[in-house]
Amino acid sequence: MNIAQQIVNGLVLGSGYACIALGWTILLGVARLVNFAHGQLYMLGAFATWYAMTKLGMPYPLAIIAAIVALAVLGALMQSAMMGLVMTQNLTSLMIVTLGLGYVLQGGSALIFGGNPQTLPGTLARAKVDLGSLWFTWQDVLVLVATLLLYGAVWLFTQRTRFGSVIRAVAEDPKLAELFGINAKVVYLLVFVFECGAVALGAALVAPRSPILTSMGFNEVIMTFVVVVLGGIGSIGGALVAGLGLGLFIAFFGAFIAQAYTTAAAFAVLLALLVVRPAGLATK
Amino acid sequence: MTALESHSPRSLPLLRTAAVVVLVAVGFFLPRLLGGTSVAYSTLTTIAIFAVMCYGVDVVLSYLGEVSLGHTLFWAVGGYAAANLSVKYGLNGWSTAAATIALCIIAAAFLGAVTLRTREFVFSLVTYAAAVVAYEIAFNWDAIGGSDGIVGISALKLPFGFTTYVGATQEDLWPIAFALLLLTLGFIARFRRSRLGTTALMVQMNPPLAASLGIDPRKVRLAVFVISAPITGLAGWLYAYQRAYVGPDMFETYFLVMMLTAVVLVGRRILIGPLIGTAILIAQQNLLSLGGDWNKIILGSVLALVLIFWPTGLIGLFRRLSRTKA
Amino acid sequence: MIKSIKLAIVLLLTMSAPVMAQDIKVGTIFPLSGGAGPDGQSVTNAVKLAVQEINDKGGLLGRKITLVSKDDESTPAVGVSRANEMIAEKVDVVIEGWNSPVTLAMQPILARAGILDITAVSKSDLILSGETNPLAIRINSSNGFDAGVIAKYVVETLKAKKVAFLTQNDVYGNGFQTAVEAEFKKLNFSGEVMMTEKFAFKDTDFRVQLTNLKAANPDAIIVTNSSNSSGLPAMVEQYRQADLKSAFVGAVGIMLPTVFKVAGDANNGIVSADIYFWNLPPFNAIPESNSFVAAFKKAYGVEPDKSAALGAAALQVWARAVEATKSLDRKTVAEAIRGKTIKGTLFGDAQFLPNGQLQPRYVVFKVVDGKTAKLEALQ
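Chains as they are written, first to last, in the numbering used here: chain A, 100 to 383; chain B, 8 to 333; chain C, 14 to 392.
The shape of chain A in the complex, shown without the other chains (with noise of 0.2 Å):
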């Protein structure tokens, strides 16, 4: 039963790495920006999260919305500031931009919602699921269930709309696209803008299962890291696979080695294959 149940948590773990990678993985992909705030935004998705809980009284469906448009709008303004850089893909300077802008965005948090941890109540982490000797919760479901119809659902649109289109002519040779007519500032907002809304529907769904802090945020994402690029930078689908995959990893690996250094494992994991194959994941 051991081995049962660890399956159900490598895939609980899993689904939220592939979750929180999503965002990371487009951004990184079409605009070819690392976005080093990714962290603090994940924390700012839990706490904007926790206040419409909290402080605004709104039910967890609502406040999962707000966050996410909360979220937007920050990153429809970190993009307009980054705008210039992005242009010209001096790709040195952005990373360096957003981790200032990570840094801001922390010390920001840290004065306006304090430093105590907080708890989202009114969510499904404490609604147990009992199957035979198995057990996880309902907001384990919801993040499976979301992530697999958020991964499907950006799929779809990148691969069957004309919008979608765009974006992959964007990410391919942004010069090119423009030449075309594509309005390449457009395309970089709106991926910029996917990205924090993503990561703050990743941070209300999976923040929940512990104790949200200001000062959290980078270890929280770590492993989306190893997920962007085990899954191939930019691909949809390598993504939530490789996040499953670290996630039944993770689970495996603590379960019957050591869980202290799975971190330490995923890494050296990520460098072996990057030894191995180091082509297929450089770019262009």
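It should be emphasised that the hints constitute simulated quantities derived from the structure, not laboratory data.
Be a bit skeptical, because a hint or two may be false.
What the hints assert, rightly or not - In the PhoX-like style, the derived pairs of lysine-lysine whose C-alpha atoms are separated by at most 25 Å in a straight line are: (1) A:154 <-> C:384; (2) C:274 <-> A:227; (3) C:274 <-> A:154; (4) A:227 <-> C:384; (5) C:70 <-> C:258; (6) C:258 <-> A:227.
Note that the structure is predicted; figures quoted are calculated from it, not measured.
Since the structure of chain A is already known, use the hints to place chains B and C on it.
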């Protein structure tokens, strides 16, 4: 004809050398000029050490155009080498420094080989992954210090034939730190004019030309990366003696952010850019600290705003101001 | 003419002003921002209150105490900067330490500058090893003593036959586990240690470890988790969700107010121990403790917890020693504390071992109502 124009062209480099000598002398006596207190010495020593730490990243950024997020690894290697070898085997400063350089070269050769075909953010992410793995190893390996690290690192001993220079106090460590800084600056000034340096710049700026000249960009990448490592490593080496304590905190983002910020704040390929950047950051932290949260906001805003308005760094602002004046 | 007369008057006045006795400066270095910010604030507030109590009674050696508080941001490099600032401000003592690495980094700096350094909370054994600070003093208990209390409870009171460990993977957690296992040997423990599950300090999801522990089904699980703001409350809740039947025995001192606040009645039934409770004997019979509790409640709206008590005790111990020796000299004051007994602190009589460790008085407790943090003292 002005006084300057009346000078023969041959005396200009002489003027330059004189200016450098004066600057070096002022720099050396700076702690004394600022009061001679132990705090003045320790602050300037810290600035010197952190500046050297940043120069390693600067070399990679300036000559390869890449952002290395893994130089905390070399910083830590230097610190841990100094700590372990001096505490466990009583080795003197020269030996620990030599070990630092050797270990950094080996680590950089390995990491450089791994990242040979990666570019831009993949390169950054891979170097970062390497630092994370190294952190986990350092944290869990009790033999080299474990999660609490190594305490009681004795003072730096540098034997010179009959006498031994002992870095017991901050005043004693300052000349060593200053010397290390000068050595680093001199090395980078020379590197800029060296064959490897100019080749690396050419590969970065004009890849087709480099290819047509038969230059192997991968060899150049590896060489530059390997050269950058011991610079940061030696900074970590000296830090271990200054702080008398080394632990997994050497891998913390505190140092990584300082490296990145100091290197881009002033501008690229400006010799004293990282030094000025480091000095600004340490000064803010020590003199204008408004508490952890406000410090983050200030640091983050400065970083973001400077790079948004002057993507080449503060030098862009400086140039604009000097142009409007003229 | 008039200008120079004015100048002369000003000069006369300033030169004839009475020379005031210089204030005594006490410095505190704790994390005031970041994850441990609220904890560090609480300790700093307690020191502030203890200073005020002394100032209200006429000061120390007839002089007023001023407090200089700094934030180490839980980062050793920042702590070192703050320590250097304390040296520049010429403080007479520094009370510091929530995170052990920060304490370990600051110790040599303060020792070299000849400033007395009292560690309030950091638990590492290296702090008292004497290598970086031969005159170290620490108020919080050490793993060695803690292990004795927990091992005794598990072996003799609980009479557990099958024990498992859920241990934080660092020197603190591993050190505690090693110490408990050593105590088991001393007590001739006839049961077995079934398994050890480990986790990282920053982890907040423990279902993998809890699944393994549930399958093993020990009588008791000894839990060592110092992440009182996020990891530990999450662990308590997940422990209940996973429906583990094993007794949850917490390491000494981990059940801080935030754990109760966040995990609420999931804490019910947890057994642990600590070295200070404002409302349990023997502390509620100590007059200094009661007056401090009243003042703290008045100033900050809550009763002081163990961490606040450690901060206040550090100040009180130092102040009493200064009064007794009539000196602010580092060596003199330190030697009046190390290996000696300081009376009149909120811990009652504070007995110190020669290595600077305060001898703790433990109370083993069971959580009766997690929501209100109602505890029942055992034995």
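Q) Going through the earlier hints one by one, which of them does the structure break, listed in rising order? A) As far as the earlier hints go, only 5 is violated by this structure.
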